[in-house]
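Enquirer: Now for the letters of each chain:
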Amino acid sequence: MQTRKKRLARALSLVLSLLMLLTVAAGCGSANEQDNNGTSTPATKAKTGNEQADGPVPITMWGWNAGEIEKIVDAYIKLTNANISLDYVTVQQMEAFQKLQTTINAGLDMPDIVPSEINQRGTMMSLDIWEDLSKEPFNFDESLTFDYFMPLCKNEKGELVCLPYDVSTAALAYKKEMAKQYLGTDDPEELQKMLPDWDTFKKVGLGVRDKSDGKIFMFASLTNVKQIIDGQNPAPIIKDNVLDMDSSVRKTVTRMVDFRDSGIVDNIIESSPAYNASYAERKHIFYPCASWSPNYVITPNDPDGVDAWGLMIPPEGCFSWGGSGFMIPRKALHKQEAFNLISWFLTEEGTKSQRETVRFNISNRQAYDDPEFAKLTEKSFGDQNLGQILFVEAMKNINVRPVSVHDVVITDTFNLVTEAINNDRTIGVDGALEMIETELRNKIPDLK
Amino acid sequence: MSGDIKSAGKKPALTVRMKKIQGKHVWPYIFVLPFFVIYLAFNFYPIIYSFVISLTEWSGFGESKFVGFANYVNIFTKDPYFLKSIGNTLIFMAFDIPIVIIGGILLAAILNSSLLKGSSFLRLATFSPYITIPVAIGVLFSLLFDWNSGMINKILVGVGAIDSGINFLGVPALMRVVIILMICWKYLGYHMIFFNAGILGIPTELYEAADVDGASGFTKFTRITIPMLRPIIEFLIIMNIIWGFQLFDEPKVLLSPWTSASGGAGTVGGSKRAALTAIWNLYDTTFGTQMQYGKGAAIAYGLFIFISVFSGVALLIINRNKRKGEI
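Sequence lines, in order, name chains S and Y. Last residue of the first sequence? That's 448 in the UniProt record's numbering, and every number before it is there in order. Last residue of the second sequence? That's 327 in the UniProt record's numbering, and every number before it is there in order.
Here are the simulated distance ranges between beta carbons:
#, chain 1, residue 1, chain 2, residue 2, range
1, Y, Pro80, S, Thr80, 49 to 57 Å
2, Y, Thr132, S, Gly207, 43 to 51 Å
3, S, Asn105, Y, Pro80, 22 to 30 Å
4, S, Val89, Y, Ile242, 31 to 39 Å
These are computed hints drawn from the structure, not numbers from a lab. Bear in mind the structure is a predicted one, so any value in this text is a computation, not a measurement. All C-beta atoms, glycine included, are put in the ideal place defined by N, C-alpha and C.
From just these sequences and the hints, can you work out the full model?
Expert: This is the structure in structure tokens:
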């Protein structure tokens, strides 16, 4: 009896130990059920078949604005009767690339839709893991959207691997009261005539500085100067692995150093609390303003500023700032359904629906042919039609720098140099350019 | 023939050993097996695999290319950030380790003084920064030391000490001071708790005997308290060297654009990379702007060498002093 009990206890212990081991081993199993070409295995196909038979197809989408995307997908389902459900995974803007990297390396299922911000897009697009959405079976019609997006959405092989999302054209916002006081007018057209180029802008800025005893600035941050002037320059910084600073960054850096030394730009760091607070203060006149800025940046930071702001075309023209796009990995499980969704965003129906649902300005070109739809107003800007500049005037001559595989490194380098110019007044144009070159060559060793 | 004798002599011993293992001795092995399986799967295997990766050029996507020790040659001879990040980390450690060790001992001694009222509350108050998450600490210090709107600058301007704000987080030397301050503020209470436990463990007879001999408070502190706390001091010095090389969260959050309207990434390592710590460099190389798994793994191993050397040297010095003390 004693022996039997002992044996039973031993057997039980063995079973428990094995169970513990199995639990551990289960975590090591690969979730990747696809072959290297991204085609589904029978197991995956069966799963998809069951999902379609049993209910809606779950679309896995990464992103950082769950609330809005959920509303948009609801509208999509309602308007198109699409048989999908959304499985939204919140991923911070700057972490999308890392998450993609770890997902691939861990052999996990790829999402169906991956968002891409402009600063990372070139590097992300250079990975050979995306569907070419201009080819079969997708055949995306490029004429649906604005031409300026194409250099931002095609990889180095010319494949359309990203569909643009929101309009990213940007102009110059100004505080009306300050413009009237220091520049003599708050009318956008008069201001555009007064400030046709950056040399004139500097001269006017010097006048403002003298008039205010150096207390009023044209911009709050040197990052603003970088954003606009670099945004106006389509020349690639690195092309075919050759660094070309003279036609690309030199102009931007020269202006940044010049404006800093002239005392027409304040020293606030763009990402600091002080910068956000500056929107409501009466110390800085101009701010870069993309189509998403009035609603998401200016009004929230200056909630009492009703009809306090104006929008004008910046000296030397409009530029592109930010903007999202969506990509579909070759190994995604529900590629067609994912494409149907992100291409619907860019239809006239989708674009109009999203304006109505979440006030986004999506990039279907035809939608903006309707003057009523192209009208954009915001309480901070009174009754000024912001759309006339952002959706009509800007589109006439906007010219963007094509995205590059080195964009992540370039962005970090520019941040470092902007901060250095801002913090250290002894750094001149040559010093800043040398810093850019050294940084880029350190991080991209095969650069010519 | 001799072979036969050997095998004939060995076989019974082996059988006995096998029987022992198969018998009741097998259970301890089974029970410790899960730990070793987990260790092998999640510690040992990644360590070996990291070394393999360090011999390759790999972005984390696609095929890797074997490059031998090129990544090691690169980080020690070409890459300006590996040694710079180690240097930055050593600067932080050179200041914060003495401050938290000496400060912790003094604080523990003061809080154990019978003359002090409310020591329990003060002990809790001193310890509380340690349980604050690094993100909150980074945000708090960035709000305090902001160039334009920071509380410290506002106070200094308010009292007339300065005319305009100091760029605490933009000037490399000042940025390092803020980071050292932040680390000391967080870890001082933690060290105090260790020393407090040590002080409570010192036999009161030693102090009573010293009182009988007419020793002053200072003499008792230097001749009894400090020597009795020696094992804790040694432990904390070694651990601080290891923790020091792991510094990452606080400086990263302090210098990251957590309020950026445009989703800006900020500058890796702060102005002129003066706050680029060893782990921040490892993170940035592997997962950040460079995305070079091979080089990142080589940095991890390079860092391992530095930690081993510094910990080893510290142990040697401690042991040598111990031997001298025993003589």
